[in-house]
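When you get a sec, could you build the whole thing from the sequences and use the hints?
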Amino acid sequence: GAVVSQHPSRVICKSGTSVKIECRSLDFQATTMFWYRQFPKKSLMLMATSNEGSKATYEQGVEKDKFLINHASLTLSTLTVTSAHPEDSSFYICSARGGSYQETQYFGPGTRLLVL
Amino acid sequence: AQSVAQPEDQVNVAEGNPLTVKCTYSVSGNPYLFWYVQYPNRGLQFLLKYITGDNLVKGSYGFEAEFNKSQTSFHLKKPSALVSDSALYFCAVRDHGNNRLAFGKGNQVVVIP
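So the sequence lines, in the order shown, correspond to chains R and W. Going by our numbering, the letters in the first sequence line up with residues 1 to 116, in that order. Going by our numbering, the letters in the second sequence line up with residues 1 to 113, in that order.
Among these hints, one or two may not hold up.
Said to hold, decoys possible - Keeping only pairs whose Cα atoms sit at most 27 Å apart, straight-line, the calculated DSS-like set for lysine-lysine is:
(1) K55/R to K69/W
(2) K14/R to K64/R
(3) K64/R to K42/R
(4) K42/R to K20/R
(5) K66/R to K58/W
(6) K66/R to K20/R
(7) K105/W to K77/W
(8) K49/W to K64/R
(9) K14/R to K66/R
(10) K41/R to K14/R
(11) K66/R to K41/R
(12) K64/R to K77/W
(13) K22/W to K58/W
(14) K69/W to K22/W
(15) K49/W to K105/W
(16) K105/W to K64/R
(17) K20/R to K64/R
(18) K66/R to K55/R
(19) K105/W to K42/R
(20) K41/R to K77/W
(21) K55/R to K22/W
(22) K69/W to K64/R
As the list claims (entries may be wrong) - To list a few chain R residues with every Cβ distance to chain W over 12 Å, as calculated:
(23) V19
(24) N70
(25) D88
(26) V115
Note that these hints are calculated values from the structure, not bench results. Each residue gets a CB set at the ideal place from its N, CA and C atoms; glycine is no exception.
Encoded structure:
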C-alpha cells in the first residue's frame, strides 16, 4: 500500500514555457500533500504544503506565482512551474499522507526538470 | 522548532559487516521519527518509523532503528550490509502537533564488495 506516483518522470522544456507535474496517491486518500525540491547531493527543501480543497501554504522564499500548486481532489495534486528558467532546473518530489496513512509521508518517484 | 542532525556525510562499510547510520533530533514535544532511503534519481522510500511503543523498531530490508529518548537519537542499523544497500539515507522528525517533516542532510552509504 501507500503508493504515490508522479508524472512525468523527466521533462525538458525551453525557457519561458510552463510545465505541469502531477502527483497522485494511488491507494489512499491524501488529505495533505507536500512538494519538495532537491538539489544534487542535497537534502530536500520543502516548497509548499497543501490540504485538499484549500490553498497551498508556501515556505518562505518560494514564489507562489511561479510555483502554482493545486490540490483539487484527495488523490491528485499538481505543481505548475510557470515561465520556467534554467535556474528552475531541479528534481521535484511530491509526498502525501492521509486516510489509512495519517502518520507517515510517502513519496513519489520524483520529476527531473531541465530548462534550456 | 524541530531539527535533525546526521553528523556523517558518508558511511563506508564492507559487505557483510554491520551498518550504522547516526541520527539525533530536536523537537519540542514527543517525536515521530522516520528513516527513508533514496536511490539515484528516485524518490524517497520509507524504511521504518517510531511513533510510540517499543524503542526498537524493525523495518524493511532487514533495517532496524532504536529510539533513545535520553540521547535524542534514532540510529539506523543493519546487522549485515549488502552492496544493494548503497544509497542515500535520510532521517526525519516531526512532533505530534506539526504537519511538516524536518529532514537531516542525508548520509551516503557505500557498501564495498
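### Message
So, against the hints stated earlier in the document, which numbers end up violated here?
### Response
Structure breaks hints 1, 5, 8, 12, 21 and 22.
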